[in-house]
Amino acid sequence: MASGDQEDLAEPVSGDVLVAQPQALEDEDLGAVAVDDPDGEGGDGAVEDERPSFVRRHASGVFVALAAIVTVGIVVLYFVIFAFGLSAVQEHRNQKQLYRTMRGLVNPASQVAPWIGGKIPTGSPVALITASAAGMKDLVVVEGSSSDQMRDGPGHLSDSPLPGQVGDSIVIGRSTTTGAPFGSVPSLRQGDKLTVITGQGTFHFRVEDTRTAGSKLPKIPPSGSLLTLVTSTGSGALGSLLDGHLLYVDAALKGQAVETPKGRPTSVSPAQIQGHGDLGALGPVLLWMVLAAASLLGSVWLISRWGWRRAWLVIAPVVFAVGWGLSDELLRLVPNVT
Amino acid sequence: MRKLLLALCATIVTSVSLFGIAGSATAGASTSSGAPAFSSTETIYRQNLVDTTEDVVDKRTVTVNVSQTSNLRGRQEIQVSWTGAHPTSGIVADPNSIDAQQEEYPVVILECRDLANGEVSPTTCWTESWSERYQDSFLNPFPAYRSDQFASAADRAQVAGAPTPLPSSCTSLPGPTQHWVPFVAADGTTYYGGPSGCAKQPPEADNVGGSALPSNETFGSTGLDGSGSANFDVWTSAENASLGCSTTVACSLVVIPIMGISCDPTGSLAPHGDQPTAGAQLALATSQCEAGANFSPGQLVNPEGNESLAVSGSLWWSASNWRNRVTVPLSFAVPASACAVVSAKNALDIYGSELMIQATSQWEPAFCLNSSLFPFSHVQTGEPEARNLVAAGTADAALTSEAQAGGYGKPVANAPVGVSGFAISYEIDGANGQPYTDLKLTPLLLAKLMTESYPGDLAVKEEDPALANNPLNITLDPEFQALNPGITHGVAASEAASELMSISSDSDVIEALTSYINADPTARAWLNGQPDQWGMVVNPAYKGIALPVNTWPLLSNFEPKAYYHSDNNDCLYHSPVPYLPLISAPLANLEDISESLQFDVANSTTVCSQIDGTTTGEKLVALGRQTVGYRFLIGITPLADDERYLLNAASLETSSGTFVAPDNQSLQAATSLLSFDTSTASWPMPYTEFSSSSAASSAYPGTMVVYAAVPTSGLDSTVASELATWLRFAASSGQTPGLGVGQLPPGYLPINATDGLESFVQYTDEVADDVQAQNGQIPGIADPSSIDGVDDSSSFGTGTFSSLSSRVRSAGNSVFNSSMIPVLLSIEGRTLHIALGAVGTYIVGTIVLVLLFAGAAFGGILLGRRRGIW
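Protein chains in written order, with this note's numbering: chain D, 1 to 338; chain X, 1 to 870.
To be clear, the hints were calculated from the coordinates, so they are not data collected in a lab.
Think of the CB as a built atom: it goes at the ideal place given N, C-alpha and C, for glycine as much as any other residue.
Fair warning: there could be bad hints in the mix.
To be verified - Listed next, the stretches of chain D that the computed footprint assigns to chain X, with coverage defined by at least 3 CB atoms under 8 Å from CB atoms of chain X:
#, stretch
1, 55-63
2, 72-82
Unchecked claim - Covered stretches of chain X, as calculated for chain D (at least 3 residues, CB under 8 Å):
#, stretch
3, 437-443
4, 854-867
To be verified - Under 7 Å between C-beta atoms, here's a sample of chain D residues computed to sit facing chain X:
#, residue
5, Leu66
6, Ile69
7, Ala88
8, Leu98
9, Leu241
10, Leu242
Isolated chain X (complex conformation):
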């Protein structure tokens, strides 16, 4: 009996614990958004063949994680991180540069096209330079790679992989010992590369003009603890046609933790002709192959030292390293460009907001690939221009964040289709050379950056009396230093650290940013000329500037004349222009800023580029790519771009001392501040509340609602019904978070009931109904013609009474949308308290007194008369 009970207990306990373990395992496996999409662990070795035994000299267990591997978009950044790898030495600051291949024990990350059998090969992996796939030796016939025990016999030959016949351009270039790794492009062309690329290189290669973008092969460095991470730029065929990755051409990410060559120096596995002769040659081959690192782990490369080839990243293709690779299959999202080839139907053009680019690029394929729907195209323009196109009738719909000043001249409804915003993005390396990740900015700091108030350049600081007492750049500003410790005081990139990368065209994003700045009392007072507590003053050209504006003006016209000398800057010497606008150098659109931040390109056009040192054809060009480890870039970008390109977004100040970073919670907190405004038929953002209201202190100030401004009368019926379908999609399935076709990418707050935005959903559906019916109604507004500027000129006291009233009354049967009555009316019951009584008493009293005096005076005159005085 007892035994039975015991057995029963044991069974119960075991099953419960198993259940619990299984449950927690599944719970752990149900990853949160932070967990990597791909993770793999492997044990890798470096082993040398000594006589006939393997001598394992190094054994590592490496785990590789990749943040996203599916639904990838062109130029998207994904994060690759690893643990357990060999620490890197001879570190080069820029992991994407060609020099980085010489790091010792790097982790090489390459994008490779899959072969027909699904495998990858070094011949389909992209590298930008011939030097990354070609090795030769003039003196030593047995460089390390020839002693690779795992290499094939062909690979161990003295001349391996060379093209036959050798192209004439390559004659006498290669050394006697050569190893070629050709590149096979997507179209089948084989590019051999070779010394200086003499045997043909793909068009995107570095020294053939190169690609517009920096290359994506990465030589990541591992720290002393064996862990490291790198951001990898994924390319599709749109970025690199020779690599040719797309939805139909499979590609993989190959991660190779370099362990060094596993040596067979005697050549016992190689053909007889490829064996080193005994004695000096063998000794050299052995020492070359079995070498470890020349630099210490964690040490930066320096010109005096020489990296050891055996353990460098240059030999990533060598069999010992290649067999240690981790292959990560990649799959790509349907790009928006797929629509161009799919449909012959006319695309519905929707103009406007760059904030919606990431969302519409996922939505466009959902429409064009569905034969029952229609193609649409998001034409990126500044929002003010898009609104003007709608007002003029050239465009049928605009994506905008503000109402049109003065109205459209016809009923246009603003249907919310996206909640996103702007981010102040940055790429800053801290004092320790590592990327800084926790930048905090106040409206005052933003005002300082935008108003060209930091001289940026010593020449300006010395010559301009107005800016002489201002810090040279933001890293020398005590306000910035207090908020952001860990950044060098006085960075080398001084000009980039004195400006905010911005755009030159009209945009609602600039209007939102300047509204945020203007609503802060400290920033406004500073803009009006009040110095900050350390004595920094606004650039006089911007003093008292009226905000908000939707185009940021460049107002400084100071020229540092002493600097404009032929020796300093010949371009400015011959054609002097104001200097500070050259530092600001705004770009054409927000996407350019995202790209500049992604590739660390500084935009200030203060470098005079001359051809052959002559004056002819000289011009001012941008500063260009900053050195990794010493980067400082800040710019304004769409929030959704930060998610795609892995840019850092700064936390912005709301109430004093509180800084809010953009994420779904802070965006939601901002939307809870919104209320419908009947005069503009939209939800304007109350910027003054961010600094004053405690409810708003956790809201992100850069939040912006994007509306589809669609006319509800005057549209062609096909266009109207297409727009109605589009609006209904945008309000429903288009708001499903995800990376697939028709879903909402990260960087947008989904508009749904969970986020408290069901009123937006309802409103957009109502607008869709009105657009479809083309009935001239705007939901929430009783009389659409009462919106600013709606033209209804027939109502001004002309025409007869009866026809007038009938005209007025016929503009819509349902005056009210019964659920919106509280919103319709603007009750102007100004129940004032005016102290009429007090004033009245004084006045009446004064009047009475005056009358009494007058009476007395009159009496006095009469008396004087009688007495004969006068």
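If we strip away everything but chain D, and leave its shape as in the complex, we get:
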């Protein structure tokens, strides 16, 4: 026992290592140090463990691959959260703003009335729908019904007349994502009341029927004006996604229809038609993906410089913002009724 040197010995950091060290010091033969099980496994001295595993040999490569998959998963997860949650936040905010605008326009004292005909700029509010049976209160309808406009709420198909005008006015809305404004439309039944306020006045509609693909077209009511709400529906919890089909709810105007001012477009881009996504989003999606890749590389670089704890303060908001932008554009690719 080397008792005299005990106080000079440093505190043992690791038990095994300490044990090895005095043995090493006492030995005359310093060269014969047994590198014994540095990874902590039981030293069984088997022949197969002398060659490192594939993972160890390509440790950095495997890490990068796994990290990439995780990143993709994060992006997808972000998108899912965005689709079902964050986009609703965005839509509610847009609806509030549009409602304020619309209310101001509809006010008789206003200098400018809401658009009622001609070439209406897409995105401008054209109607307010209230349907207590479907949980809709002062829902602002914007002009244009592609997924681009769905971010703001339900959209009016541009080549159909506005609600209250002679003809069949078509309003398309989402039933699952972006706040699901038409989520309860499938539950409308015959006789339910709908009230629509446009620049031409207040109109009262009564739901006549609900139809799906292949059904007969609705009868023309005495007033000559119909309002059709289009959305998607399906059976089961995620029905509209897994088993979705288009649903049309027709409501007839009770009362006198008004005339359609001139200049209505006679055709619309395919993106506005019910059930279509907006393929025009592919460009922006690509751009956002480039931005996302750039921000990813930037974050990796920042982490390597500053370490996790400090870098995340900068990375988190950037990643959140880029993810929002990318998901927002990706949502445009989703059909405008889901």
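Please arrange chain X on chain D, whose structure you already have, making use of the hints.
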């Protein structure tokens, strides 16, 4: 008892049979539209006086039929046909030419003015040339006409009918034996004519500048079976003032089947001084007069032979022939020009469609001659121009067949007032020299003709590589040959057979024709560059041309440089221009095309006309009149013109292999395809249905509806009520078929309930009401301002809400015409079936998988962390 019963039976049988015969006789007499308006049969003789007995050498029973004799219009063609006449020999191809008078045994048809006593005389019958009414002889003192036993003594004199004194310009011109038949014009002037017309000729005569039209005296040829027919061009005073036929000046058609002179060669009936001396003179006179034909029956004239005067058409005026005449009284319709002199009131001007010319020319007198109505005038313009005039406010109404692109800027209703269309008319002589009557054309053939794809001229075919493999003209096109057998392969009129006579101005007719062509998939593919099954390709200048258009462009700019040589065509040598547009040479309007077809005038301006063979003043002129027997002309004309000028209309293809000729049935079949279109407030023709739908296979593709486009607001109240009256007339009595004043001529489908067009009648009446009220409404359209381009700029989100809504609502109390609700709404219930479920499943599945993988990867990273790998 038995006898009584027998008598009773006999009576019954006789009365029934008499009844039946009378009934069938009346039934037969109630003629269908195909029966002639005039028919007459007579027995005619040629007889020679031998000693004191008549020796009948020829006896014929001739029946003459004329297709129409009343309500005749200027330049109208009527058909004269006959049976039982003497076969013609020494036939001249063109029966209207001056040379045709020398045919032996022709049937001479002349238009003559009636004398005061109602009779006709050779002095009031029109011929264009002095040679047709003057005969003289230098050597033989007794030409055939002097031996005419039925001629008066004055006529048998050596100098008969000459003017006294003989005008100085005529000195030493006539031979010693002369016979003059002067012409007395409507104003009383006597034109003696004479050799080379030295003693004054009417202004319309041939060698005094002539009339713009070929002359109408006809020397028809009779076939070997004794029958023949000819088309005769009827003139009014508007076409020939010297003849002067009109509604107030009676005229007749005189048909003279030439039998030859009935001879009295010894002159026993003539004054002593006019008798031939016995011996050589008598023998000559006898042989000259009693001669028959020198050519064989049915033989064409040739330069070597000499026609025999005794039996030629030149002696139509001779008493023997004249007494065999058939006189057909003619009566004329009130011409539209009558309105110019009748009324001092301002005429209501209606601009537009040439398709309506025949109808309005019958309608105009109905208005101007009725003192309680007002005069109106149809100003012929192209339809696009007429619509622009209405949009600008210069015109109050337009006759049009299309809607105005971009709208009129005010509510304008389209009231249907006529159903007619275009015809592809032709004058083609078949390989046998006779007129071809059964032409069939496909849209592809029409496209080939219009796109200058046939070279037409060898110079172009040889020099233009693009057209080198195309047939020279349509008669060498296998597609045409298969459809139209009996036409010479490679006609002489090659340039005319490589183009469709068309117009240079904007027209809805061209739009309709190009819509028909464009709707045919074969024609469209060919226009886009696909060769047809024999390798013919479209002229590259027209490849891919966007149709329809309302003006046909001339796009080829190829010049056959080797041909542009002073020896070939001096005009083109000095001023080279693209050649193919010279072949197309479009005319100014459709009426010009009708006239060119009527008189066989080819329009291609490829002839260099020089004055005295020098370069000064040389210019390119039209090819001109084609030779009868070798004619080939195709052009687009209004359908109603075909009926008036007896033009042939081609049958056009609908579905593959089916060809439809224009007639009331096929026009009606086309109208049954129409449905009201709210965006244009009209009934557009669905051209794609002709080739695809079986219901449309019997419909004539050239059918066009003519609308009166009348504004329903902004018109002066007098004009508005006049237009309303006019519209009501057009929808009711104006649609009564007939040739009288105010009736609808043939070539139009009458708009009435019998033809299933009562909706048109109703609509036009409603438009009339709206025009009268000037209420800004258009029947069948809830909101007139929703029609393309109707300007209502106040509705674009400007102005306050309340004033806006009141303005919008005040634009008409009755929003709906309750009977038209199904028509008003355009239900846009696009009940689509989109397989959202399938796509959704894939997407959701992919997302879930990706998340799982990500989770696993994350787990792997953590594990690696713990194991110290990274």
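Outcome of the hint check:
1. With 6 residues having a Cβ less than 8 Å from any Cβ of chain X, the stretch 55-63 of chain D passes the three-residue criterion, so the hint holds.
2. Three residues within the 8 Å Cβ limit are the bar, and the stretch 72-82 of chain D against chain X gives 7, so the coverage statement holds.
3. Figure legend: the stretch 437-443 of chain X, annotated as covered by chain D; annotation inconsistent (0 residues with Cβ-Cβ distances under 8 Å, at least 3 required).
4. Three residues within the 8 Å Cβ limit are the bar, and the stretch 854-867 of chain X against chain D gives 9, so the coverage statement holds.
5. At about 4 Å, the closest approach between the beta carbon of Leu66 (chain D) and any beta carbon in chain X falls short of 7 Å, and the interface hint on this residue holds.
6. The interface hint given for Ile69 (chain D) holds, since its Cβ lies 4 Å from the closest Cβ of chain X, which is under the 7 Å cut-off.
7. Checking Ala88 (chain D) against chain X: minimum C-beta separation of about 18 Å lies over 7 Å; hint violated.
8. A hinted interface residue such as Leu98 (chain D) counts as satisfied when its beta carbon comes closer than 7 Å to some beta carbon of chain X; here the least separation is about 15 Å, so the hint is violated.
9. Look at Leu241 (chain D): its Cβ gets to within about 4 Å of chain X, closer than 7 Å, so that hint holds up.
10. The interface hint given for Leu242 (chain D) holds, since its Cβ lies 5 Å from the closest Cβ of chain X, which is under the 7 Å cut-off.
Hints 3, 7 and 8 from the earlier list are contradicted by this structure; the remaining hints agree with it.
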